[in-house]
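Student: Single-letter residue listing:
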Amino acid sequence: MTALRTGLQQIRRYPSALVGLGIIVGLIVLAIAAVFIIPYEEAIRLWRGGEDVWQESPRYAQPAWVNLFSAKKLPETIVLSTLSPSVKKTRSDKTVTISLAFDYAYDDFPSELTLFFQAQYRELLPYARLSWRTPDGREISLGERKLSASDRYSISQDTRLERRLGNRPPEVGLFAAPTAPQVPLKGRYELQITGTLFEEHSDIDAKLVVYGKVYGLAGTDHKRRDLMVALLWGAPVALAFGFIVAIGTSLTTLIIAAIGAWYGRWVDALIQRITEVNIILPTLVILIIVGTFYSRNIWVMMLAITALSIFGAGIKVYRAIFLQIKESPYIEAARAYGASNLRLIVRYMTPRVIPVLVPGFVTLIPSLVFLEASLGVLGLGDPVLPTWGKVLNDASTNGALYKGYYYWVLSPSVLLMITALGFSLLGFALDRIFNPRLREL
Amino acid sequence: MTETIRRVVTYTVYRVVALALTVVVGVYLAILIANMGGYVDQIRKAQIDEAVGASVLGDRSLQGLPPSELRRIIDQRKEIEYKRLGLDKPFIVRSFAYLWDALTLNLGRSEQLSSDSGSRQVRLILLERLPATLLLFGTANLLLFFFSLFAGLWLSRRYGGFLDRLVIALTPTSVAPAWFYGIFLILIFASLLKVLPFGGMVEAPPPKDTLQYALSVLKHMILPTLALWLSSIFISIYSRRTFFLIFASEDYVEMARAKGLPSGIIERRYILRPTLPTIITQFAFLLIGLWGGAIILETVFNWPGIGRLTFQAIGLYDTPVIVASTVIYAYLLALTVFLLDIVYALVDPRVKVGAEGGAL
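Chains as they are written, first to last, in the working numbering: chain A, 1 to 441; chain B, 1001 to 1360.
By construction, these hints were calculated from the structure, which means they are not laboratory data. Model, not experiment: these values are computed from the prediction. Glycine is no exception: its CB is placed at the ideal position from the N, C-alpha and C atoms. A portion of the hints provided could be inaccurate.
Where chain B lies over chain A, by a calculated footprint (3+ residues, C-beta under 8 Å) [to be verified]:
hint	segment
1	353-367
2	421-432
Here are the computed distance ranges between Cβ atoms for each label pair [claimed, not checked]:
hint	chain 1	residue 1	chain 2	residue 2	range
3	B	Q1312	A	G49	26 to 36 Å
4	A	V66	B	R1273	40 to 50 Å
5	B	T1278	A	G49	53 to 63 Å
6	A	R5	B	W1100	49 to 59 Å
7	B	R1120	A	L8	27 to 37 Å
8	B	L1065	A	G143	48 to 58 Å
9	A	G264	B	Y1014	39 to 49 Å
10	B	D1116	A	G143	44 to 54 Å
Construct all of the structure, not just a fragment, from the sequences and the given hints.
Tutor: Printed below as a string of structure tokens:
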């Protein structure tokens, strides 16, 4: 134990270890913060939520901070709803006039335009006429429609409107000036809805969403989800995965190696044979089989990984050390005073290996973090949890690299790399501290 | 002398038996896992039920038959299909048949996958994919092995220098797997700079001319090879360098230096020679590691090798292919371990065969 303590005190002499330690502490803080900012149920609801949860965020939006680095300002999402007080809605006897007006000052066209309706009626459906007014005073009719209780009009997907606008997508055609069709016209746009009601208690509410091309700190994916949810929640998942599996395997391996070395004979032989069989089995293939055939639940995966790594190469290393320790005089002394086998293994033998175990344990964590990400990339991540690997998987199945959605690939990768580097910087330094042969080199 | 021969023979027999047992148990476990202890049978039966049901109900010539008659036809066809795939016998019985087939390398026929030439023979499917894996991983690993060997030797002479410290500082980056570097390389060279392809092994349609074909393959190889190389180059150089340094600080090396031997001879005779067994081991394991390739790297780069084949096979519940890939790996591993024991005895005079246990 004193060896461990003096070793740990030496960390201060290794700047890389301090950097690594700093990163690890930062990650742990981030992980705790993530759990507090977005509680588990909320994170699952957001991540599993479909269009209903993410109605007001754009698809494939870049992080909003890209605007800071570029002269061309990309649009943010504008939401105008009659439920908010800033929108004018006047109602007379049989007609409702809704004016959804907004200032548009961006250098690029929106990504999508959608109008959501909610109508109240008993039998006769209300009727609405839509008209679009541009800053230069042109008026474009968006047609007329009957409104059911909950209705949506995807303006961007209106092919008839697209043809009328000169075969340009509506989100471009409605914003472009006739003289300079490459850039959106800046100024005040207005969507006017004139509703005709046929019943006394009938009413119309409308919401216009002008989807932008940037969103939040992390951008969004193909399902309009804010990537921040997954990036934040990836940290606690990755850390918990790494820690739990690393502790589980290291301790079990240690104890099994000690038992084998202590009892010797057939126990030792059995452990050696199991290890050899286990080395023949391809770990990743088995994990993929478990994920495909059985369950992708993160706990099942952790159990499978632990089971496959207990009888790994580590057992041979520990065994060699234990065989040496077994012969040392203090063990003989402990035996002489009548210590039990269990006491000898747990109290006298295993602590001696901890200086070897600790660096191994720390360097095991990043490889586990990457293993979890690898499973995610193969589409075998936990079906419920948001993780970095799953973000990468979504990105690759949606061709993020082909289509140029770099943020989608880069943000989870950078987080993965930082996490892995933190642990491996510390692990390598610890290895040099505890491994006297390496210390001078 | 007879004593030595007796010892060598006993030892060899012991090793062969132990390794054979390991392979048998390992392969049997692999069969159990690849079938999920019989669970895959249920999935397969359900798939057959669905397919047969759909084909009978969709069959125009059978329309108009009474439902009971249709039921009977469906059941009959299901039974035939079960029998064809051997699903009528209990799993435990079949598992031993599978084991025997696997051990005798009677790899059989796949269930879903077929080779590009249309064959269902697992042997042909694997052989078709093997060149792709060998080409990519062989090139990358040989480059890696020899580069790190010489770089390590070179650095061990200049340890403490700038390059040495740079390698030590970069070593922690090797924790990221090759596919991770692959993503970055694709992003930079394929997506941003558009100079190299995103993936695949040859452009489509493949060039007719052999030289053009080779050039195209070479171009497709650059990124995956670089990804593999980058992911382990620093740790390889670091471990080689440290390894050589440990041996270079032995007393007999000091002695040789004191005698004034030229550094080339010291390196070859006093440092490389005693490290040879370890280097050979690493090289051997590198060679068998080529089998199987890397599942994720091949998936990321769309490389048509054994790794991606295994992944596809698992997705299609194609257990014969999974088991075949595992059994070949197990044999290669056991054979290598056995050969290494012999090679050790040849290159390392300190190893006395059969005296005290053995490696692995």
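Student: Against each hint, give a clear statement of whether it holds in the structure.
Tutor: Against the structure, the hints:
1. 353-367: Since three or more residues must qualify, the claim that chain B covers the segment 353-367 of chain A holds, with 3 doing so at under 8 Å.
2. 421-432: holds (count 6)
3. B:Q1312 to A:G49: 26 to 36 Å: With a Cβ separation near 32 Å, Q1312 of chain B and G49 of chain A satisfy 26 to 36 Å, so the hint holds.
4. A:V66 to B:R1273: 40 to 50 Å: violated, 58 Å
5. B:T1278 to A:G49: 53 to 63 Å: Between T1278 of chain B and G49 of chain A, where Cβ atoms are some 55 Å apart, the hint holds.
6. A:R5 to B:W1100: 49 to 59 Å: holds, 57 Å
7. B:R1120 to A:L8: 27 to 37 Å: Distance hint for R1120 of chain B, L8 of chain A is violated at roughly 59 Å.
8. B:L1065 to A:G143: 48 to 58 Å: holds, 52 Å
9. A:G264 to B:Y1014: 39 to 49 Å: Violated - the Cβ-Cβ distance for G264 of chain A and Y1014 of chain B, about 18 Å, lies outside 39 to 49 Å.
10. B:D1116 to A:G143: 44 to 54 Å: With a Cβ separation near 53 Å, D1116 of chain B and G143 of chain A satisfy 44 to 54 Å, so the hint holds.
Consistency note: the structure conflicts with the earlier hints numbered 4, 7, 9.
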